[in-house]
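Converting from the sequence shown to our numbering requires adding 515 to each position, the first position being numbered 1.
Please note: incorrect hints may appear among the correct ones.
As the list claims (entries may be wrong) - Okay, derived cross-link-like pairs now, DSSO-like style, lysine-lysine, Cα gap no bigger than 27 Å in a straight line:
#: 1; residue 1: Lys-692; residue 2: Lys-606
#: 2; residue 1: Lys-606; residue 2: Lys-646
#: 3; residue 1: Lys-622; residue 2: Lys-570
#: 4; residue 1: Lys-646; residue 2: Lys-692
Stated by the list, open to error - Simulated restraints on C-beta separations:
#: 5; residue 1: Gly-526; residue 2: Gly-696; range: 28 to 34 Å
#: 6; residue 1: Ala-573; residue 2: Arg-679; range: 31 to 37 Å
#: 7; residue 1: Gly-526; residue 2: Ala-573; range: 44 to 50 Å
#: 8; residue 1: Thr-534; residue 2: Val-697; range: 25 to 31 Å
Derived from the structure by calculation, the hints contain no laboratory data. Ideal Cβ positions, reconstructed from N, Cα and C, are used throughout, including at glycine.
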Amino acid sequence: EAVESHARELGDDVVGVVTDLTDPDGVAAVVDAARDRWGRLDVLVNVAGGLHVMKSTAETSPDEWQREVDANVRTTFLMTRAAIPLLRDSKGAIVNFASPSGLRATKGMAAYNAGKAGVVALTRSTALEEKGHGVRVNAIAPGVVDTAQNREEMGEDAMDWVTRDEIVDAVLFLAGKAGSGVSGETLRVMGRQI
Numbered sequence: 516e517a518v519e520s521h522a523r524e525l526g527d528d529v530v531g532v533v534t535d536l537t538d539p540d541g542v543a544a545v546v547d548a549a550r551d552r553w554g555r556l557d558v559l560v561n562v563a564g565g566l567h568v569m570k571s572t573a574e575t576s577p578d579e580w581q582r583e584v585d586a587n588v589r590t591t592f593l594m595t596r597a598a599i600p601l602l603r604d605s606k607g608a609i610v611n612f613a614s615p616s617g618l619r620a621t622k623g624m625a626a627y628n629a630g631k632a633g634v635v636a637l638t639r640s641t642a643l644e645e646k647g648h649g650v651r652v653n654a655i656a657p658g659v660v661d662t663a664q665n666r667e668e669m670g671e672d673a674m675d676w677v678t679r680d681e682i683v684d685a686v687l688f689l690a691g692k693a694g695s696g697v698s699g700e701t702l703r704v705m706g707r708q709i
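Go ahead and model the full structure; you've got the sequences and the hints to work with.
This is the structure in structure tokens:
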């Protein structure tokens, strides 16, 4: 109810869909909602996922591993697969959320590293497969995003933060005309972090 209520508050151009993005039927409901509301799909942004397991490989249970990989790469795969027919029609774009940890693993986050590395590999392979259909596929790998939760967990001055606006600008570039010559890439959005 909260999702649907928030969608109504945002206006007529927003549709809220409550679903499980690790389930093919749930993913189909999202794509169907877009097609039913707008008759087309121009851009898919795969932002579901996140960091839930902060453990080494030796400490991570098989269930924890699977949940982390499912939350990051399975959701990206299922949404991409379901959206491709509409994106082929519109010659659209996909922007996946990867992570710097998917490009260069970080100690103590084995399952997350693997999930985000999977997003990077899926981005590249899908870009190659969809090139002939006019669909561009890229990813962004943002640094630590300036959110209240991150500041609470890491401390106010823990690092240089990436702003939400910096991430939005990167997504809009990759999804729009300015990024029309870019496909199969993972763009690191690190703010002042190097």
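Outcome of the hint check:
Our distance criterion of 27 Å between C-alpha atoms is met by Lys-692 and Lys-606, whose separation comes to about 12 Å. With a CA separation close to 10 Å, the supplied pair Lys-606 and Lys-646 stays within the 27 Å bound. As the CA atoms of Lys-622 and Lys-570 are separated by approximately 8 Å, the hinted pair is consistent with the 27 Å bound. Among the hinted pairs, Lys-646 with Lys-692 is consistent with the structure: their alpha-carbon atoms are about 16 Å apart, no more than 27 Å.
At roughly 33 Å, the beta carbons of Gly-526 and Gly-696 sit within the given window of 28 to 34 Å. Under the hint 31 to 37 Å, the C-beta atoms of Ala-573 and Arg-679, about 35 Å apart, fit the expected range. The hinted window of 44 to 50 Å between Gly-526 and Ala-573 holds, with their beta carbons roughly 49 Å apart. Hint check: Thr-534 to Val-697, Cβ distance near 30 Å, so the stated range 25 to 31 Å holds.
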